[in-house]
Structure formats: structure tokens, C-alpha cells
Amino acid sequence: MVRIGVVVFPGSNCEYDAASGAAQLGAQAEFVWHSATDLSGFDGIILPGGFAHGDYLRPGALARFSPVMEAVARFAHDGGPVLGICNGFQVLCESGLLPGALQKNRGLTFLCQATTLVVTSTDSVLTSAATLGQELVIPINHFSGAYTCDDATLRALRENDRVVLRYKENPNGSRDDIAGVANGAGNVVGLMPHPERAMSTLLGSADGRVLLESFVTSNVTSNVAVA
Amino acid sequence: MNHFVIVDVTLRDGIADPEGSTIERALPALGFAGVTNVHAGKSFRLDVDAPNEAAALEKATALAERLLSNPVIENATARIATRG
Amino acid sequence: MNHFVIVDVTLRDGIADPEGSTIERALPALGFAGVTNVHAGKSFRLDVDAPNEAAALEKATALAERLLSNPVIENATARIATRG
Amino acid sequence: MSRAAEPLHRALGLTDDELEEIRRVLGREPNHLELALYGVMWSEHCSYKSSRIHLRRLPTEGSHVLVGPGENAGVIDAGDGIAVAIRIESHNHPSAIEPYQGAATGVGGILRDVFTMGARPLAVMDPLFFGDLADARQRWLVEGVVAGISGYGNSVGVPTVGGELTFDDCYATNPLVNVLCAGAMPVERLVLGVASGVGNLAVLLGSSTGRDGIGGVSVLASAGFAGDDGAVSLDDAKRPSVQVGDPYEEKRLIEACLALLDGGHVVGIQDLGGAGIVCATSETAARGGVGMDVDVTAIALREPGMQPYEIMTSESQERMLAIITPESWPAVSALCAKWEVRATVVGHVVAPIPDANGTLVGMLRVRRGLDGEVLAEVPASSLAHEAPLYDRARRRPANLDALRADDPSDEPVGSANDDLLDLLVDPAWVYRQYDSQLFLNTVVGPGRDAALLRLAGPGLPHSERGIALSTDSNPRWCALDPRAGTALTVAEGVANLACVGASAKAVVNCLNFGNPEHPEVMWQLSEAIDGMAEACDALGLPVVGGNVSLYNESGGHDIDPTPVVGLLGVVDSLVAPPPGWDWTTGDALVLVGSRHAAGPDAFPLGGSRWATRRGRRGGRVPPFDATLLRATFAFVTGEVARVCAGVTSDVTAVHDVGGGGLAGALAEMAASTGVGVTILDLEGHAELFSEFPGRFVVTTSDLRAFSERARGAGVAIVHLGDVGGDRLVLANYVNLSVSQVAARRGAALTTALALRA
Ligand SMILES: Nc1ncnc2c1ncn2[C@@H]1O[C@H](COP(=O)(O)OP(=O)(O)O)[C@@H](O)[C@H]1O
Ligand SMILES: [Mg+2]
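Protein chains in written order, with my numbering: chain A, 1 to 227; chain Y, 1 to 84; chain V, 1 to 84; chain U, 1 to 757.
One should not assume that every hint holds.
Unchecked claim - Computed, partial: chain U to chain A, Cβ under 8 Å:
id, residue
1, Tyr48
2, Gly157
3, Leu389
4, Tyr390
5, Arg392
6, Leu438
7, Thr442
8, Pro458
9, His462
10, Asp572
11, Val575
12, Pro577
Calculated from the structure, these hints are not laboratory results.
Backbone N, C-alpha and C fix where the C-beta goes; we use that ideal spot for every residue, glycine too.
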């Protein structure tokens with residue numbers, strides 16, 4: 001069975017939701033406390049949403065120094081799939097595992113609402129099972145979700161097909177409508193919207209399944225391919 | 001004439017500062033020992049059109065107290081500065 | 001020995017400052033005409049234990065750059081100050 | 001200053017008679033610290049001294065009630081081994097001076113009331129009341145309060161799933177910020193705030209203690225006193241009473257406390273709210289019939305130089321008091337260390353001692369060092385539960401008859417198009433700032449009739465059930481008739497639950513009133529409580545908790561009586577979303593329930609939004625007709641519950657007729673769907689805007705089948721018209737394009753707040 005580690009920082013609050021999303025797709029989800037230094041045995045790591053360390057200073061600024069982040073960096077370096085959702089995305093940017101930064105929303109308020117995302121690259125562990133141009137209805141829940149980066153970074157992201165998801169209607173002032181980006185190898189992905197909250201029509205949308213499905217199966221597929 | 005003004009907003013003494021204390025608690029583990037009394041504040045930089053510095057400062061002080069801070073929990077001070 | 005240090009964090013040029021512009025837009029209606037170029041920033045006040053001012057400043061600068069600011073979007077400067 | 005001459009007890013808010021009572025209880029003169037403890041504990045806020053004799057008239061029993069009023073939160077058995085805890089509180093005065101922190105700490109406080117019972121907080125609601133938004137200060141208050149609830153609730157990780165938003169001049173300098181929290185737990189985790197076991201330890205968990213909120217319960221606010229037993233002269237600059245919330249601390253506190261309870265390490269636990277440590281220690285000791293020794297020097301302080309009375313009464317946020325056995329201390333401190341929560345032994349449980357008559361009395365002793373000098377020694381129950389109770393003078397307001405006689409039925413009709421557009425407000429700007437989806441439970445979030453959540457959460461047994469929550473109030477009705485107004489408010493809440501298929505199980509209430517020293521206010525309060533009791537009795541609902549907020553005045557005027565009613569309901573099987581507001585072209589539009597109000601007026605307008613907007617605040621309020629309401633509520637609940645259970649149904653949309661009347665309900669549904677409706681016949685203009693509960697707008701794809709079921713249930717229905725087109729046509733009164741209706745409703749709040757869209 002695919003084993004997914006869900007990192008829990010003090011202040012994380014979507015860890016149960018992320019674990020339940022992975023579990024619904026047949027993965028075995030286990031919580032990993034932020035002081036952990038060993039991630040061996042996991043097929044993928046999720047940094048869930050929430051307010052790690054209260055988001056004091058800046059979202060992700062203190063979490064980046066949690067001991068687990070060195071292990072996450074090694075895991076990512078070795079090609080392991082890493083997904084940062086919302087606060088997890090902020091942590092990945094602060095840690096330098098993904099480029100750019102997340103600023104306060106343009107409207108200076110927290111936003112909890114459904115957004116329509118467009119899949120703009122399928123070359124990542126989060127989007128491999130989706131189709132290019134596919135539209136997905138997935139909620140956002142954030143205060144600091146406006147993606148920002150300098151011109152050179154933006155150019156590189158575009159040229160290398162690293163923007164994996166864009167907002168159809170930009171809710172927060174993100175540069176280039178960016179909702180999610182991947183690293184060069186496509187195994188580290190961060191996005192502000194919450195695919196784990198879009199797993200069932202009872203709760204409004206099941207469009208997040210295709211994303212989490214890509215993620216939980218990504219390592220398995222690549223292992224098979226290598227073997 | 002424009003005058004460059006910096007407004008500093010800090011929490012009043014005795015008001016709890018969760019942000020400052022959370023940062024302070026985290027510092028030793030991050031390799032910064034010997035840093036204490038950490039307090040987080042806000043600052044605003046603005047150009048104020050006024051005939052002279054005194055008038056600019058007066059306007060900025062009113063702005064700082066009435067709009068940029070809540071005197072119940074915060075102190076606000078305005079000062080003339082130079083850009084750079 | 002403790003040295004009082006203020007760290008100022010401001011947004012880098014070219015980075016959008018929605019907070020600053022929102023305040024700027026609201027000002028005329030609130031009776032503050034002639035205020036422009038409003039930018040919002042953060043400041044931190046802390047005591048740094050170091051043998052002398054230069055050492056304190058060095059330590060605070062490292063802290064400011066590595067932790068208190070995100071260099072992708074922010075500039076940080078540390079300065080020795082006096083309480084008051 | 002003239003205050004210098006004022007005796008200390010009066011400066012502490014105690015009357016001369018109360019001082020006499022303290023002397024009688026102690027059998028001696030109290031010292032200054034003891035007086036300060038009585039001052040806070042016998043304040044209105046802590047002791048309910050003006051309201052308690054009236055609150056006793058509320059029904060509190062029910063076979064499913066596990067914990068009624070008197071504890072930190074009420075608890076009901078929701079089935080499947082799951083208990084639900086619920087509580088509502090006000091944070092009105094703190095929010096008036098620092099809206100962000102006032103609202104934020106209100107959320108923090110209500111969460112602690114719920115997790116102290118062992119329940120994980122799963123939902124917050126926030127009924128809010130402000131003055132007119134034309135005033136810049138009101139806009140500042142609204143933005144600050146909403147940001148505070150958002151900032152705290154989202155960060156601590158509890159979804160805010162609903163609330164209320166009312167604007168009226170009577171709240172101009174006294175906004176009301178009420179917060180409700182519901183949480184769930186496996187039934188066996190239920191714990192009470194009781195101390196027991198001589199030798200057990202009292203452990204303070206969470207934040208350090210500062211000078212926050214000293215006088216927050218309003219007794220020390222004007223004190224200046226000196227003494228050698230720890231009471232020094234108070235200096236304004238040293239006494240910041242504004243509390244700052246730390247949601248990150250609270251989040252860790254929740255996780256640590258629930259882990260302590262799961263590990264069976266706790267004998268009793270109690271949150272620290274108003275009156276801080278003195279309240280938590282005296283209440284837990286009094287409930288357990290034991291004494292408690294508290295060491296003031298053990299308490300971690302945020303500021304130097306704090307005096308014992310400051311330490312004992314500080315309202316610093318994010319603190320809990322746990323009673324544990326000495327053997328569990330290592331496990332407790334290890335768990336707290338994992339969550340980075342400070343845990344300090346600050347006292348221990350001691351045996352009660354016999355008083356002069358030989359009766360055993362648990363004493364609260366404040367000491368300097370655990371075995372050190374005794375600074376204060378008073379019977380715990382005298383602080384916690386034995387404040388003097390007052391039956392304050394009550395008087396029916398002299399102008400009430402004149403007010404009721406000024407009925408708005410004679411108000412010129414004017415343009416119903418304009419009236420309707422002016423009444424519509426979409427509160428989305430508020431609730432978009434709240435994370436309403438955490439824990440993946442939210443089937444119906446804010447913005448509909450009631451919130452509907454799956455009854456699921458970390459550590460809960462599996463259940464297919466759902467819980468529904470609604471908060472309601474109607475100060476316009478209550479100003480005209482607090483008794484009927486409050487009864488109708490309860491009915492309104494039950495109607496909201498029916499719209500999502502939930503059967504009402506329990507009520508909590510927050511009674512926001514003016515100055516109890518005004519006999520008219522006491523009359524309103526007493527009448528409101530009777531109205532609530534009447535409605536709860538008639539609808540079979542227990543009141544499991546509440547809060548009373550008095551002294552809400554603006555510019556010398558008492559606010560309109562504002563009882564806020566929180567309703568908790570249960571849906572037995574929740575596998576599909578309820579129909580909601582979205583109707584479909586071709587559906588038949590049906591009014592379910594009695595078309596006419598029960599009293600002499602078929603369509604009363606007294607207290608309606610329509611009349612109030614015309615400046616007509618007088619008139620008659622519709623009566624509360626229990627028989628009619630029960631039948632209609634049961635029918636609608638059953639119809640919707642079948643949809644939730646996954647049964648195919650012809651019912652396609654449901655909305656109750658509430659504020660804004662029939663016209664308001666139809667406009668909201670049209671705006672939500674983008675599809676219009678045409679109604680050919682109405683019995684007059686008043687039918688559009690009259691507000692009385694017990695009526696529902698339902699659309700059905702099979703009118704015949706639906707009518708038969710309604711007839712079988714003995715519930716009246718009227719086929720009003722059919723859904724379709726792009727206009728809202730309500731006989732010859734209203735004819736508007738749906739897009740205009742939607743645009744006006746969507747922009748009303750942001751326009752009033754002068755925000756850029
Ligand atoms: N309006 C009311 N209706 C029913 N019960 C009430 C009401 N007001 C207060 N109570 C009950 O009185 C008890 C004490 O309330 P309170 O002092 O506010 O609690 P806390 O100490 O947690 O702040 C609570 O259990 C509450 O449920
Ligand atoms: Mg309602």
C-alpha cells in the first residue's frame with residue numbers, strides 16, 4: 001500500500017483533511033510530527049494547510065526551520081513526491097524548495113470560496129492524471145495566497161512548464177493567475193487551493209480527486225517504470 | 001511640498017504580544033541565542049504634502065493616531081526621515 | 001551585554017503593496033488629502049546580547065536577513081537604537 | 001479626586017448590603033484581597049445576580065440532555081455514541097473598544113468552554129449587531145470584528161459556519177458580538193469542571209498571566225485602593241484591560257487538553273474566562289465540595305510586579321485549569337511539552353473543614369508559597385454560587401401601548417420594487433472571510449437557512465448523522481413584545497433547521513439587554529425569558545445553556561431587547577445535500593404552512609424590516625401558534641430529511657420565509673439561481689413583506705405528489721406560481737430582472753462599507 005506522510009507542525013489544521021483525502025484514494029496516511037528527521041518508507045509527503053507556528057512573522061517563516069524540513073528537502077532531492085497545500089505551499093516557498101513567495105491577498109481579507117482552476121501542465125506529480133486545459137472547481141481558504149516572484153523566475157516557470165494550475169478568475173492578485181507551481185523535476189508541487197476539500201459532491205465538488213490521485217500514485221508509477 | 005515621513009506603530013506596554021513571544025521562543029532552536037524582549041510592530045512610509053516639516057509632522061501624527069493605530073492597544077509615532 | 005536593536009522590514013521595490021495602496025486610496029475620504037506613496041512595512045524591536053555594538057549589529061543583521069524577512073520580496077535592515 | 005473618599009468595597013462594585021453579606025459569610029471583616037475576589041465573582045457578569053431568578057423558569061430537561069445549564073457548555077446525546085457540546089457567549093464591550101481583539105478573544109473564550117467539556121470544537125457561529133454603516137466608526141467596527149473572528153477562528157482551525165448580521169442605530173456605540181461554538185466527543189470522554197480528591201494537583205495550562213482584562217468584569221474599572229495585603233493603588237497606565245488573543249496558543253492548548261483527556265490524565269478541567277484564576281479555582285472546588293489552596297507565587301507572570309489581586313483576577317487568554325492526580329503529573333507534563341504548552345502546578349485540592357455549625361465547607365485559600373502565608377481564605381461556594389440574587393424592579397414600558405397602536409398597516413404602499421431591492425443584503429463579504437470548510441464536514445455552509453455538518457471529526461465513532469446549527473434574533477419584534485418576539489425567534493430557528501432536514505434538539509441563548517437597574521429593561525428580560533420558555537415547552541426543546549449580557553446602552557438609551565437564540569438539530573442520515581435554494585425552470589412554487597398569521601392581522605407588518613426601513617417601529621407582532629408551527633415544521637423537516645437520506649424526491653428547493661418576508665425569500669432564491677419566478681395572485685402588498693414564521697417556500701417537480709403528502713400531514717399549501725424566466729414577477733407589485741436583484745443584493749454590503757468591489 002502507498003504510504004503518505006502528512007507533516008504536522010504545531011498550528012497545522014488541515015492534517016486530518018489531507019490524510020482523509022489520501023486515505024479515500026487507497027493510500028495509508030500517517031502523521032509525521034515536525035520534529036521527525038527520518039522520512040524513509042514513505043512514498044510521498046504532504047505538507048497540509050493551517051497556520052504552522054501561528055503563521056507568526058510570515059506564513060511558513062518559522063516552519064521552515066522545523067527539523068522535519070531538512071528531511072523533506074532530502075526526500076525531495078531524492079525524487080520523492082512532495083505536495084504543499086496552502087500553508088504547505090507557503091512553507092515550501094519559504095524553504096526554497098519552490099520558487100517565489102506568497103503575499104497577502106489583493107483584497108486584504110481572508111478568502112474562503114470556490115475557484116475554478118485550469119490545469120496548465122500535466123508534467124508534475126499533482127497533475128499527471130489530469131488533462132491539459134481541464135477545469136477543476138476547488139476551494140481556496142487563505143489570507144496570504146497571492147503568488148509573487150521576480151520576472152526572471154516567472155520566465156523560467158513559464159519556459160519550463162512549471163506553472164501547473166492557474167485560476168480562471170484570479171481571486172487574490174496572484175501573478176500570472178498562478179495557483180500552483182512545480183519544481184524543475186516536477187516532484188515537488190505547491191498550490192494554494194485545497195484539493196482535499198473537493199473529494200465528494202456531498203461537500204460541493206469532487207474535482208480534487210484527480211489531483212490527489214495523481215499524487216498518491218505518482219511514486220508507484222515511477223517505481224514501476226524504473227523497475 | 002512633499003515630506004517623507006515614517007510612522008512606527010508598536011504595542012503599548014503590558015499588552016500581550018503573541019507574535020513577538022512566539023518568535024522569541026523559536027530563536028534558540030534556530031541558532032540565535034541571546035535575543036530577548038522581541039516585539040513585533042508595524043511601520044508606514046509616506047509622503048506628506050505640507051508647507052513645512054512641522055506641518056507635515058502634525059498631519060502625519062494625526063493620521064497615525066486616528067487611522068494607522070488603535071490607541072487602546074498601540075502607540076504610534078511619526079517622524080520626518082530621508083529616503084534611502 | 002544587551003543592545004537594543006530595531007529591525008525594519010520593507011517590501012522590495014516593484015513588489016505589490018496592497019496594504020499601502022488601500023490606505024492611500026482611503027485617505028482623501030477620511031480627510032487626509034495630500035498623502036501619497038504610502039507603503040506598509042514591519043518592524044521588530046529586540047535586545048541582543050553581544051560584547052559590543054558591532055557584534056550586536058552583526059548578529060541582528062543575520063537574524064533580520066535569515067529569519068525576519070523573506071529576501072524574495074523584502075529588504076531588512078538592523079540598527080542600534082535607544083529605548084524610549 | 002472624589003473617588004479617594006469612596007469606600008473600597010464600593011470602588012470594587014460591591015454594595016453596602018453585599019459587604020454586610022460578606023462579613024456574615026466570613027464571620028469577620030474581609031481583607032482587601034478577599035474583597036477584590038468577591039468584587040469580581042459577585043459582578044453581574046460572573047454571578048448573574050439580576051437574571052438568575054428568572055432563568056430558572058426555562059425548561060432544561062430532555063431525555064437526550066447529558067449536561068444542562070450550570071456547566072461550561074450544555075451537552076446532548078446525538079446518537080451513535082457521540083455527544084455534542086454547545087455554548088454561546090457575548091463579547092460586546094471588549095469589541096466596542098478594540099473590535100479585532102474583542103471579537104478574536106470572544107472566539108477563543110467560547111472554544112475553551114466547549115473543549116473543557118472534552119469536545120473537539122467543530123463549528124463557530126457569530127451573530128453580530130452594529131449601528132448604521134453610514135457612520136465611519138461603524139464601518140471600522142464591522143471590518144475589525146469580522147477580521148478578528150476570521151483571524152482567530154481560521155488560525156485556530158475551527159470552521160465558522162454561520163451567524164447573523166443586523167444593523168440598527170440602537171447598537172451604534174454598543175455593538176453586540178455573540179459567538180456560539182459546537183463541538184463533539186465520544187460520549188465517554190465527557191468531563192466536568194469539578195475538583196475532587198484531596199491531594200490532587202491544580203495545574204495551570206497555557207499562557208502566562210499578565211495584567212490583561214483586570215477589571216474586565218467591570219468592578220476594578222474605577223478603583224483606587226491601597227493596602228498591605230497585596231492590593232496597591234491602581235494606576236491607569238499599569239492596567240491595560242484589553243486582552244489580545246493568541247490563536248496559536250489556543251490551538252496547542254486544544255490539542256494538549258484533548259490528548260490529556262484521551263489519556264485519562266484529568267480528574268476535572270475548567271477554562272479560565274471572566275475573573276480568571278479565582279473563578280476557575282472557586283468554581284471547580286465548589287462543584288466538588290472541596291477546598292483548594294492556590295500559590296500565587298507559582299503562577300508564571302508576563303509582567304513584573306503583579307500583585308496577588310491582579311494575578312487572581314487577570315483575564316489573560318488561552319489558559320485552562322486541570323485537576324490531576326500527583327501520579328499523572330509526569331505524563332501531563334510530557335504531553336504538554338510535546339505541544340509546547342506551559343503546565344504549572346499552582347495549587348492542590350484540600351479537604352473541606354467544618355464551620356461553626358459543623359457543616360463541611362470547602363475553602364479557597366490564596367497563599368504565598370504552597371505552605372506559605374495565607375493571603376485570603378473564603379468559602380469557595382460563597383464566591384462561585386452564592387452571590388446575592390436580586391429580584392430587581394420590573395415595569396412595563398409606559399409607551400408600549402402607544403407604540404403598539406402605531407401599526408404600520410396604514411403606511412402607504414409605494415414602490416415594492418424599490419422596497420425589495422433596498423431590503424436585500426448578501427452577507428457573503430463577511431462569511432467569505434471565515435474558513436467554513438475545515439474538517440470536511442460542511443455540507444451547507446454560511447449563507448443559507450441553517451448550517452449543516454456531518455457529525456464527524458478526529459476521534460469520533462463513525463456516524464451517518466448530521467448536525468444543524470442556526471442563530472436567530474429579532475430585536476424589532478422584541479422591542480414591541482419581548483415575550484411573543486422571543487417565542488417567534490425560537491420558532492424562526494426551528495424553521496431554519498427544518499430547511500436542512502434537521503429536527504431541533506436543544507436551545508442555547510444569549511440575552512443581550514440594557515441596564516438591569518432600569519425597571520423597563522428587567523421587564524423586557526423577564527418577558528423574553530417567559531417567551532422562550534413558552535416556545536421551548538411547546539416545541540419540546542430543552543435550554544442547555546446560555547449567557548446574559550446586561551448594561552448594553554448607547555448614548556443613554558438601552559438597546560432594543562436582543563435575545564439571540566441558538567438552535568442545535570440532528571439529521572439522522574446525511575448522505576446527500578438538502579435541496580437548498582436553487583430552483584429549476586418548470587418547478588411549481590408552493591407556499592407551505594398557514595398563509596395567514598394566527599392573530600387578527602392576516603399579514604402583520606409590525607416589526608418587519610419593511611416597516612422599520614420606513615421608520616415605522618411600532619405595531620403589532622404576530623402571535624405564536626404552537627399547534628400550527630409543530631405540524632408545519634415536522635412536515636418540512638421530514639420532506640428534506642428524506643432528501644438528505646438519499647431518497648429520491650420531487651422537492652427541489654426549500655427556504656423559510658423570514659426577514660424580508662415572502663418577497664425577500666423569493667428574491668434570495670432567484671438571485672442564487674439566476675432563474676426567475678412568476679406569481680399571479682397575492683392577497684395584497686402586506687403578504688409580500690409580512691414576517692411570521694411557519695411558512696416555507698418549496699419548489700417541487702411533482703405538484704400532485706407533493707400536495708398529497710402535505711394533505712396527509714394536515715399541512716396547508718398554496719400553489720403560488722411557477723419557476724422560470726429571467727424576471728421576478730410578484731403579482732402586480734414587483735417586476736424586476738433577476739440579474740438586477742442579484743447585483744443589488746451582492747453589492748449591498750460592500751457598497752455600504754464603502755469598499756471597492
Ligand atoms: N440565558 C441563559 N440561559 C440558560 N443558562 C444560562 C443563561 N445564561 C447563563 N446560563 C448558564 O449559567 C452558567 C454560567 O455561565 P457563565 O458564568 O457565563 O459561564 P463561564 O464561567 O463559562 O463564563 C452557564 O452554564 C450557562 O449555561
Ligand atoms: Mg437564521
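Evaluation of the provided hints:
A hinted interface residue such as Tyr48/U counts as satisfied when its beta carbon comes closer than 8 Å to some beta carbon of chain A; here the least separation is about 34 Å, so the hint is violated. Because the beta carbon of Gly157/U sits about 3 Å from the nearest beta carbon in chain A, less than 8 Å, this interface hint is met. Hint status for Leu389/U relative to chain A: violated, with the closest Cβ pair at about 42 Å, above 8 Å. Annotation: interface hint on Tyr390/U violated; nearest CB of chain A at approximately 43 Å, more than 8 Å.
Interface hint status for Arg392/U: violated, as the beta-carbon distance to the closest one in chain A is roughly 43 Å, over 8 Å. Contact between Leu438/U and chain A, as hinted, is supported at the beta carbon level, the nearest pair being about 6 Å apart and thus within 8 Å. The beta carbon of Thr442/U comes within 7 Å of a beta carbon in chain A, closer than 8 Å, and the hint placing it at the interface holds. Given hint, Pro458/U at the interface with chain A, holds; its Cβ is 5 Å from that chain's nearest Cβ, closer than 8 Å.
The beta carbon of His462/U is not positioned within 8 Å of any beta carbon in chain A (closest approach about 13 Å), and the interface hint is therefore violated. For the restraint placing Asp572/U at the interface with chain A, the shortest Cβ-Cβ distance is roughly 16 Å, beyond the 8 Å limit, so the hint is violated. At about 7 Å, the closest approach between the beta carbon of Val575/U and any beta carbon in chain A falls short of 8 Å, and the interface hint on this residue holds. Below 8 Å, beta-carbon pairs count as interface contacts, and Pro577/U has one with chain A at about 6 Å; its hint therefore holds.
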